[in-house]
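Order-wise, the sequence lines are chains A and B.
4 is the number of the first residue of the first sequence in my numbering; add one for each residue after it.
328 is the number of the first residue of the second sequence in my numbering; add one for each residue after it.
If you are wondering where the hints come from, they were derived from the structure by calculation, not from laboratory data.
Keep in mind it's a predicted model, so treat the numbers as computed, not measured.
Heads up, a few of these hints could be off.
Restricting the straight-line Cα-Cα distance to at most 35 angstroms, the calculated cross-link-like pairs of lysine-lysine (DSBU-like) are [what the hints assert, rightly or not]:
id : chain 1 : residue 1 : chain 2 : residue 2
1  : B       : K371      : B       : K658
2  : A       : K277      : A       : K55
3  : A       : K44       : B       : K371
4  : B       : K417      : A       : K6
5  : B       : K417      : A       : K9
6  : B       : K573      : A       : K55
7  : A       : K277      : B       : K371
8  : B       : K417      : A       : K277
9  : A       : K277      : B       : K469
10 : B       : K790      : B       : K480
11 : B       : K658      : A       : K277
12 : A       : K9        : A       : K55
13 : B       : K756      : B       : K740
14 : A       : K6        : A       : K277
15 : B       : K480      : A       : K277
16 : A       : K55       : A       : K44
17 : A       : K55       : B       : K417
Quick look at which bits of chain B chain A covers, simulated, 3 or more residues with Cβ under 8 angstroms [claimed, not checked]:
id : region
18 : 391-403
19 : 522-536
20 : 747-759
Chain A is faced by these chain B residues, among others (derived, beta-carbon under 8 angstroms) [unchecked claim]:
id : residue
21 : G465
22 : W466
23 : D468
24 : K469
25 : Y472
26 : P734
27 : W762
28 : S765
29 : T783
30 : G799
31 : R800
The C-beta atom is built at its ideal place from N, Cα and C for all residues, glycine as well.
Listed here are the chains, written in short residue letters.
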Amino acid sequence: MRKTYKLYIGGAFPRSESGRSYAVTDSRGRFLANAAQGSRKDARDAVVAARKAFGGWSGTTAYNRGQVLYRVAEVLEGRRDQFVAEVAAAEGLAPRAAGATVDAAIDRWVWYAGWTDKLTQVLGNANPVAGPYFNLSVPEPTGVVAVLAPQASSLLGLVSVVAPVLAGGSTCVVVASSARPLPAVTLGEVLATSDVPGGVINILTGAVAEIAPWLASHADVNGIDLCGTDLADAVDLERAAAGNVKRVLRPPASESDWSADPGLTRLTAWLETKTVWHPMGV
Amino acid sequence: MTSERRAFAYAPAPESRALVDIKPSYGLFVGGEFVDPADGTSFKTISPSSEEVLAEVAEAGPADVDRAVRAARRAFTGPWGRMRAAERAKYVFRLARLIQERARELAVLETLDNGKPIRESRDVDVPTAAAHFFYHAGWADKLAYAGLGPDPKPIGVAGQVIPWNFPLLMLSWKIAPALAAGNTVVLKPAETTPLTALLFAELCQQADLPPGVVNIVTGAGATGQALVEHPDVDKVAFTGSTDVGKAIARAIAGTDKRVTLELGGKAANIVFDDAPIDQAVEGIVNGIFFNQGHVCCAGSRLLVQESVYDEVLDSLRRRLGTLRLGDPMDKNTDIGAINSLAQLQRIRELTDAGEADGAERWSPPCELPEQGFWFPPTVFTGVGQSSRIAQEEIFGPVLSVLTFRTPDEAVAKANNTPYGLSAGVWTEKGSRILWMASKLRAGVVWANTFNRFDPTSPFGGYKESGFGREGGRQGMAAYLRSTDA
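Take these sequences, add in the hints, and give me the full structure.
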């Protein structure tokens, strides 16, 4: 039996409200499946779902968030064979290379899961202000982050851009690789069965060029990762994002080597710093 | 009093001890398997609430300690040392998951062997132990962010000696950061509470942890001494009494061994007149009667501002009348058994000294079971600052009450012991909390709460309460060599 690939919004798997779909092929052009072609309204629904989930997700303890994200890695590994097949088909990799990619994606989830309760310790600090005040700076999540996932790396690249959003406590609307969306939809199935509350991550498939402008200009989106768009389109998107002063991650000149140590860039991009003052005295 | 006590009568709600299989005898856990000690000696571990013998446990001599250290060294230079950090992390995560999966079993075993109420082992000891492994697992592949230079390295073989008050939790405080940083360990649990460490050894087997990464040697003080003095132990971590801590510091003088010591305490719990009294009384009770007062950071000195002294003491006595002392396996029990006869005798000696010093002793009406080791919750009032019960760690359910008038006086009295592990402040005024926190010479200050522990939160003492921290980013430093120039 073949699977119907749908969107993942608010914890459910709807078809596109537009009723559209498009044919997804493997690296040699053979038909794999029809994927939902997400629309402006789907993107808006996804933002509403992400905003609704933000209070709960950002309010969980870092320990709890870490356990939930670690669980994602456990469930992901349980579906390893399925991902290896989908990544091999999408990216034209030999089974062995696809397996290494999936393993790296699992490790990446684990890496970010371990960050939830360490971010504050590594990025926050007490400040020795010159006066009788207690002064503390702590990172807090930015809010709703739109992510244009990388176009080439359908799973490892995707995980590398969404996991840091979630680890920091923000919620996410991600537009999957247009040509290679199937591993993303399957990742949605993993997330739906991993204690990640509905709406914390929402996955759209379709044409990035069609959906991205609506996310970039959306007034209830706080940040946008332009990773999966090309440099030419990125300029317009960055301009649109300025409308409500979104935090913007610009796309790389060419797609990153996702197997490299990711560093903290994608975590800190979606964090605010809050400083709290309180007087000290009897 | 009688009607009040009747209102609090609860039907027995005993936890099932069938949840755990205790073997008649246990060997040492060395190189991934249970082995017999070289000279075949053993000792008995008993349940302090019934004095029933639970199991025979091997007593490790110097030859056994040497064997364990060699196993740890082989693992360090071998598979564990060569392993990718991300893979190492997964083993530590797996240990966290195994503790979570076998939580009930561990809780029952802890309560049987230690005498603490099942409610505490189930709700505090075991979940916090799992949390420690979970938190530290994440550090394994993030050591470059620990503030110790770009590529900090493990120290080597850690010799770790832990106390009997939180057996599994102290094990996790020791083993989790050590493993995450890439060290291997030889751990000696306390002689009166070895069983959860031995069950943990089985978890290491279930996790397929490479042999020798974790080794458990059971025994008494001599075993611990052989371990910390072993020439191939690179790092010593000790939690226990200040006297033994000093002996360890002397023993390793002149060696290259790194050391952290988490020793005794005599914490002041300071209640100001604007504090919410009911909340403060709960904090005072939790501060000193949690775990029968067998807590190094226990709030064993209550400092009350004079203007609310009567109100606080009346409320405290009324609350103590509701505490239920008895069978630790009963889910309603608040106060369990004293861990050993030796500890009971020490508590008796110090409380007798308190009376001899002129302090007034009070306990609520409280029947003590006939079998086992028990001491009623006890409050001393009129305690002088120089009295032994104001200066020495009793490590039992005994509270010494002193008074103060001004914040300066509270600070002076709070700091007036050789210890400096923890302190509590109760006031509605935030600025006063922070001022007090800045003046108290203690490694942990709790405000409007007490006895809170979290793997992310560094814990450890000033002065004779020891040095080094456990937990948080600072705790990782104890198990890493900095690569700064």
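Structure-based check of each hint:
1. K371(B) <-> K658(B): Status holds; Cα separation ~27 angstroms.
2. K277(A) <-> K55(A): Holds. K277(A) to K55(A) sits at ~22 angstroms (cutoff 35 angstroms).
3. K44(A) <-> K371(B): 71 angstroms, violated
4. K417(B) <-> K6(A): 32 angstroms, holds
5. K417(B) <-> K9(A): Satisfied, since the Cα-Cα distance of roughly 33 angstroms is no more than 35 angstroms.
6. K573(B) <-> K55(A): 56 angstroms, violated
7. K277(A) <-> K371(B): This hinted pair is violated, its Cα atoms lying about 55 angstroms apart.
8. K417(B) <-> K277(A): 33 angstroms, holds
9. K277(A) <-> K469(B): With Cα atoms ~24 angstroms apart, K277(A) and K469(B) stay inside 35 angstroms; holds.
10. K790(B) <-> K480(B): Roughly 28 angstroms separates the two Cα atoms, so the pair holds.
11. K658(B) <-> K277(A): 42 angstroms, violated
12. K9(A) <-> K55(A): Distance ~21 angstroms between K9(A) and K55(A) Cα, so the pair holds.
13. K756(B) <-> K740(B): Holds, at about 20 angstroms.
14. K6(A) <-> K277(A): Given that 35 angstroms is the threshold and the Cα spacing comes to 45 angstroms, the pair is violated.
15. K480(B) <-> K277(A): Cα-Cα ~33 angstroms, so holds.
16. K55(A) <-> K44(A): It holds: about 16 angstroms lies between the C-alpha atoms, which stays within 35 angstroms.
17. K55(A) <-> K417(B): Distance of about 33 angstroms is within 35 angstroms: holds.
18. 391-403: Since three or more residues must qualify, the claim that chain A covers the region 391-403 of chain B is violated, with 0 doing so at under 8 angstroms.
19. 522-536: Violated: only 0 residues of the region 522-536 of chain B have a Cβ under 8 angstroms from chain A.
20. 747-759: Three-residue rule met by the region 747-759 of chain B, so holds; n is 3.
21. G465: 2 angstroms, holds
22. W466: 7 angstroms, holds
23. D468: Check passed: Cβ of D468(B) comes within 6 angstroms of chain A, closer than 8 angstroms.
24. K469: Interface hint status for K469(B): holds (6 angstroms vs cutoff 8 angstroms).
25. Y472: Holds: closest Cβ of chain A sits about 5 angstroms from Y472(B), inside 8 angstroms.
26. P734: This interface hint holds because 4 angstroms falls under the 8 angstroms limit.
27. W762: 5 angstroms, holds
28. S765: Hint holds; S765(B) Cβ to chain A Cβ min 6 angstroms, cut 8 angstroms.
29. T783: 5 angstroms, holds
30. G799: 6 angstroms, holds
31. R800: 4 angstroms, holds
Hint compliance for this structure: hints 3, 6, 7, 11, 14, 18, 19 are not met, and every other hint is.
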